[in-house]
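Numbering (my numbering), first residue to last: 1379 to 1573.
Hints are computed from structural coordinates only; laboratory data are not their basis.
Everything numeric in this text was worked out from a predicted model, so none of it was measured.
Among these hints, one or two may not hold up.
[As the list claims (entries may be wrong)] Restricting the straight-line Cα-Cα distance to at most 25 Å, the calculated cross-link-like pairs of lysine-lysine (BS3-like) are:
(1) Lys1568 <-> Lys1475
(2) Lys1475 <-> Lys1444
(3) Lys1444 <-> Lys1423
(4) Lys1444 <-> Lys1401
[Claimed, not checked] Label pairs and their in silico Cβ distance ranges:
(5) Val1570 <-> Ser1424: 45 to 53 Å
(6) Glu1474 <-> Ser1392: 28 to 36 Å
(7) Gly1411 <-> Ala1553: 35 to 43 Å
Yeah, the Cβ is synthetic: ideal placement off N, Cα and C, and Gly gets one too.
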Amino acid sequence: MSETEVAPNATYQSAERVLTLLKSFDDSRVELGVADIARALAVHKSTASRLAAALERTGFLTRVGKRYRLGVEIIRLGTLALRSFDLVATMQPAMEKLSQRTGETVNLAVPDGADVLNVAEVPSTYILSSSGGWIGRRTRPHAVANGKVLLAYGALAQPAVLERYTPQTITSLDALAAELATVRRDGYAKAVAEL
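Take the sequences, apply the hints, and build the full model.
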């Protein structure tokens, strides 16, 4: 193998590292330092630094001081993915109608492993509203209305552990079973201050 050729395993490993790094960002970790990246990838800090620098050069990361945030290229690709996601286009008119009728924020979510991934949103029409900004967020299904619907109709497996996020979060499997029965009976779910 010449010096310019790369072993297939090295290529796959690099791709997996890039994807693992990008997936390390979430609502609680919007910025990562080189040490954070090294830990997430289980690599030396010099490797993490080179990888972050390459992603910065290509627009996938943005440097903020000594830390990194997701870059504009991620926004571009995410927006493109959302636009090409037919479910969103199909559901948008019904979501807008529901939001107009209720005045509430309406979210469209899909199962994502054991979580719920919010893929579209129509914001509340109330002047003062703290809701919004859910697109792209993953949530645990027992703490949000759309997750309860997915659980009630079998689109998601019932979680074994119910984390508490607020005093109102359902943390008992029996209470969740009763809530899901109510969702099936009423045809909709509610979540009030549960997340």
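#### Entry: Numbers of unmet hints, in rising order
Failing hints, ascending: 2, 6.
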